[in-house]
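Number of protein chains: 2
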Amino acid sequence: MRTFTTIQSLQEWRKSLPKGKTLGVVPTMGALHLGHASLLETSARENDFTLATIFINPTQFNQSSDFEKYPKTFEADLAMCEKYGADAVFAPKDANEIYPDHFQYRVSEHQFSNELCGEFRPGHFEGVLTVVLKLLNLAKADHAYFGEKDHQQLTLISGMAKAFFLETKIIPCPTVREDSGLALSSRNLRLSAAEKEIAPRLYQVISTILDVIQAKEELTRLGFRVEYLIDKPETTGRRRYVAAWLGDVRLIDNVRI
Amino acid sequence: MRTFTTIQSLQEWRKSLPKGKTLGVVPTMGALHLGHASLLETSARENDFTLATIFINPTQFNQSSDFEKYPKTFEADLAMCEKYGADAVFAPKDANEIYPDHFQYRVSEHQFSNELCGEFRPGHFEGVLTVVLKLLNLAKADHAYFGEKDHQQLTLISGMAKAFFLETKIIPCPTVREDSGLALSSRNLRLSAAEKEIAPRLYQVISTILDVIQAKEELTRLGFRVEYLIDKPETTGRRRYVAAWLGDVRLIDNVRI
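Line order of the protein sequences matches chains U and W. According to the working numbering, the first sequence is numbered sequentially starting from 1. According to the working numbering, the second sequence is numbered sequentially starting from 1.
A couple of the hints might just be wrong.
Identical copies go unnamed one by one, so any copy, or any two together, can satisfy a pair.
[Unchecked claim] Derived pair list, reagent style PhoX-like, types lysine-lysine, alpha-carbon separation capped at 25 Å:
hint, residue 1, residue 2
1, K93, K83
2, K162, K93
3, K19, K140
4, K232, K15
5, K69, K93
Keep in mind that the hints were calculated from the coordinates and are not lab data.
Assemble the whole structure, with the sequences as input and the hints as a guide.
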């Protein structure tokens, strides 16, 4: 497995790949868990080559403390990428590599990005869309893999790919959960032992208590501070989105209902 | 010369071009004049194939009256494209073709785009950058040609191409002027005969009167309403930017000083 820290070396590798072979890209912020492993495995199965990117994107953190506390597990991440089938990892050493424009150019969405997480994390999705467009343009992949755990993010990225006629196809991958039902997330690493006991109830409650007000009350009773719990129509049926805090850790999840 | 009105037909043509051959793209809003002709000629000379796009982009008009009054000369435009070497023209019939996202996704710049024209035309450069990114992604050209007449636009588009690692190289082309010195512009078509007499003084004044205040006074005396006249440092030397109204027509120009 190759590791690149500069755009130039990444681009040279990209150009060296044989024409007619497919490339899948798995953009990550590191702190890889089995959710990412599933993205990598899917990409490796569906493409001739797989590129993982590891870049903790500063522009998507609306609170600098969240950025600073974001888990950094680089050596373990590389081992994980190799184990689950990546051919190359692009891990820029600093933000200037990705933001030669000094953060002046941005991509934004002006409807769905203001709802749900967007309402509580101003600028978050602008940061996500901006870095994803940059990474997709660098990777020039046939397919890019994103988890349904961040379903609003996935929806916005898919919309961006269509709006800007990107060649890369966005592939949604199912949320990976612990046996308890807890959705895997890098932020789970920051839960205390006691919080880790309560956290699985988030998924249990949203998938079993159909009434939104009752579900919120139950989460509050269990010790969550609910930020939002909203059912939204999809093309067919509905999806329920939730964000809730346990201590200083913000958890999100979503289910089809 | 081929003419396409749908993205699908454009993309099929793009795919049909032989590998290893180069493509130049000249994005326009129609109302073509010899300034555009120079872009087309340059592209035809420097590339194996040249694509012109004709699309009056609604999102870059901050005043709907300016959008409505924008000259529409489609048949003449097609003849011009053919004459100056275009192999194909992409002229979408309506905005939905380019904005399947219903205008929800946008590209913006947060520094230089707020100065000069950006100060007086809020949202203008966001509209320009958004449509140019879409057109560049569709064209997948090796080179894209833009006139130095719209120097701030050119600078912002070049910056966007670097910020988002676009493969298309942005090629600046010199402003084309009438013998009088008046920079060619589609908006010149809207000048009255009397205004057309005065208009060339804009270029004459900004390139001969070095003092900014004196230059503004002279333009005002001649009948211009000066919006801005600003000297800005460049990598080497300075560039002077001006926007001034004659009646209800807004003219812009710029010179190295």
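Open item on the list: Output the indices of the hints that this structure fails to meet, ascending.
Closed with: Those not satisfied come down to hint 4.
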